[in-house]
Amino acid sequence: MNLAGFGKSIIAGALTLACLTLPVIITATEEALRQIPSDLRQASLALGASRWRTIYKIVLPAAAPGIVTGSILGLLRAAGETAPILFTAVAYYKRQLPDSVFSDVMALPYHIYILATQVTDRPIDIVWGTALVLVAGVTALSVVAAVWRSNQRRKVRW
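FYI, the numbering used here numbers position 131 of the sequence shown as 1151, with every residue one higher than the one before it.
FYI, nobody ran anything at the bench for these hints, they're computed from the structure.
Please read these numbers as outputs of a predicted model, since none were measured by experiment.
Be aware that a few hints might be false.
As the list claims (entries may be wrong) - For each label pair, taking beta carbons as the anchor points, the in silico distance ranges come out as:
no. : residue 1 : residue 2 : range
1   : K1077     : P1104     : 34 to 42 Å
2   : A1160     : Q1116     : 22 to 30 Å
3   : L1117     : G1025     : 20 to 28 Å
4   : P1081     : I1146     : 44 to 52 Å
5   : R1097     : S1170     : 20 to 28 Å
6   : D1059     : P1118     : 49 to 57 Å
7   : Q1055     : L1161     : 19 to 27 Å
Heads up, the beta-carbon is just placed ideally off N, CA and C, and yes, glycines get one too.
Let the hints inform the model, and build the full structure from the sequences given.
Structure, rendered in structure tokens:
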């Protein structure tokens, strides 16, 4: 990302993580759209709906649970990534919050790494507590995604 002139910044880290997670989201979206029966599309078109109306009103609502689940899985993967943001976004130590998207930032996975490997005379509770926050956040988002997807699948029956 130095090639683009961003240096170590939030925007450089975000673009790097976007490049990593975009294939996961695209693949999940393709699979969700393939799961929609072609009979459903053909029935909508046979009833006189335009192609765009069929996509907007029939296909996308039926594929939404798979699309959202794939997106959340991609975001959860990005939340745990350490190596890409190590070189593009994070500072070793930063006391204040970032003031723009062009400033560096502390990231939770990197913070855990630094606490576990670099800091001497640290209470081990801090390392485990920080890891617990990361794991709990990822788990909570996964549960919310699973519940939402389950509710959406009950609504959409073909």
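Consistency of the hints with the structure:
1. K1077 / P1104: 34 to 42 Å: holds, 39 Å
2. A1160 / Q1116: 22 to 30 Å: Distance hint for A1160, Q1116 holds at roughly 27 Å.
3. L1117 / G1025: 20 to 28 Å: holds, 23 Å
4. P1081 / I1146: 44 to 52 Å: Hint holds: Cβ distance 46 Å, inside 44 to 52 Å.
5. R1097 / S1170: 20 to 28 Å: holds, 21 Å
6. D1059 / P1118: 49 to 57 Å: holds, 51 Å
7. Q1055 / L1161: 19 to 27 Å: holds, 23 Å
When the structure is compared with the earlier hints, no violation turns up for any of them.
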